[in-house]
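Top to bottom, those sequences are chains A and B.
All residue numbers for the first sequence refer to my numbering, where the first residue is 1 and numbers rise by one.
All residue numbers for the second sequence refer to my numbering, where the first residue is 146 and numbers rise by one.
The reader is advised that the hints may include incorrect statements.
What the hints assert, rightly or not - Derived DSS-like pairs (lysine-lysine); straight-line CA-CA distance at most 30 Å:
| no. | chain 1 | residue 1 | chain 2 | residue 2 |
| --- | --- | --- | --- | --- |
| 1 | B | Lys381 | B | Lys280 |
| 2 | A | Lys131 | B | Lys150 |
| 3 | A | Lys144 | B | Lys280 |
| 4 | B | Lys225 | A | Lys89 |
| 5 | B | Lys211 | A | Lys45 |
| 6 | A | Lys98 | B | Lys381 |
| 7 | B | Lys368 | A | Lys144 |
No wet-lab data here; the hints were simulated from the structure.
All figures in this text were calculated on a predicted structure; none of them were measured in a lab.
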Amino acid sequence: MRKLVLAISMLAFAGSAASADPLQDRQALMKERGKIAAGLSKVVKGETPYEAASVLTALQALQANAEKFDAEALFPAGSDKGDTTAAPKIWQDMAGFKETHDNYLTDVKAAVAAAPADVDALKTQFGTIGKDCGTCHQTYRIKKG
Amino acid sequence: MRLLKKLVGAALVLGGVGAVAGWFLSAPVGLDAETLAQLGPGDAARGKRIFSAGGCTSCHAKPGSKGDARLELAGGLELKTPFGTFVPPNISQDAKDGIGAWTVEDLANAMLKGVSPAGEHFYPAFPYTSYAHMKPADIADLYAFLKTLPAVAGKAPGHKLGFPFNIRRGIGLWKRLYLSSEPVIAFPDGTPDPVTAGRYLVEGPGHCGECHTPRAFTGGTKKSEWLAGAAATEGKGIVPNITPGEGGLSDWSQADIANYLETGFTPDFDTVGGAMVDVQRNMAELAADDRAAIAAYLKAIPPHPNGYPAREKPAS
């Protein structure tokens, strides 16, 4: 049992280290995005105290992550197959998909530029960003079990 | 030969009796006077809460509309299901194309009994099997709120259904199996308020079970797998298990559920997706107590394993 767990975790590690596979690349990028958002959310919810410098660092990390998102490279034709939750709609409407992500990037950049001065300011910006996440997942992602 | 004649005769008589019985059993039945008397005057401010909880805009807003335009309830979305394509109608205040001419009793009969003002059955794609659990006073409040919304001209196209689903009268028999105002989940006496308040919102106006519960071949929800998740009726993918069972919300705290309904973020920082995006945005409009009640109910219901088949891991 232990060996199996070890083998699986090694496989998972090997997977994350590989980079020729667009499915793994885009999933890693989204995972990283979720982690940064998680940290910010803790501040919004008051679980971590507000600290201007670390909030700004997190927002900058979110921007760097968003700028790495190259829709054409991460979602090439044919990458709708396999273990993916990407919706067929991405390839039917690549322009709309890109535009939706651009809106997200714009809102993240605006948050970085504004450098929220307190938790309330962050709350508003984080709310806008969170809504962008939902808007994209509404149309361009399919839930799988 | 004589035997055959007799048999044919008996079959005809039986068939006739069956047809007559079927006709009576399938008749649309409206609300009784006692229930209608409970409607009361209605209050638009309270009705807004019911409107949000019910997520009426998800199906009845003009497809693709955003912001305030979502309050123009012109219908026209296409719901492609295994039974055919259902098109939610115009429920704006337009007297001709919408429901502007309806009385509050008409709305109550539609939502609690699935019966139109003309005395016909509605298809249960309009989730009256859930709304049947609602209090008449809440219907009156909703009616008052709908009155504040704009009239939009233009009828939505009709449903596109094949035989036998195009026979409306048959729904009367289906209702005998699936239309009930009794709570789906019975809790013992002394169950705390938030749980029962959450039950009302989830089983009634919220109609969560319509997507989150697997359906039998008849199209009715399987109450024995209540909220266990299901293959999406529309399109691909699944609708998740929201019971405390394995694959469901066992790892989520009550606060996690309430926070998800408010912000759209899951505890592991994925976000809401698909049709749930609109639902979550409506839930965010509710009071915090309502979201907490929904969370309390979801933690109190019987756990079930996933109501959909395991994900196929494609060979890579």
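Results of checking the hints against the structure:
1. B:Lys381 / B:Lys280: violated (35 Å)
2. A:Lys131 / B:Lys150: Since the Cα atoms of Lys131 (chain A) and Lys150 (chain B) sit roughly 72 Å apart, the hinted pair is violated (cutoff 30 Å).
3. A:Lys144 / B:Lys280: violated (35 Å)
4. B:Lys225 / A:Lys89: Holds. Lys225 (chain B) to Lys89 (chain A) sits at ~16 Å (cutoff 30 Å).
5. B:Lys211 / A:Lys45: holds (28 Å)
6. A:Lys98 / B:Lys381: holds (22 Å)
7. B:Lys368 / A:Lys144: Holds - the C-alpha atoms of Lys144 (chain A) and Lys368 (chain B) are around 23 Å apart, at most 30 Å.
Checked against the numbered hints listed earlier, the structure breaks hints 1, 2, 3; every other hint is satisfied.
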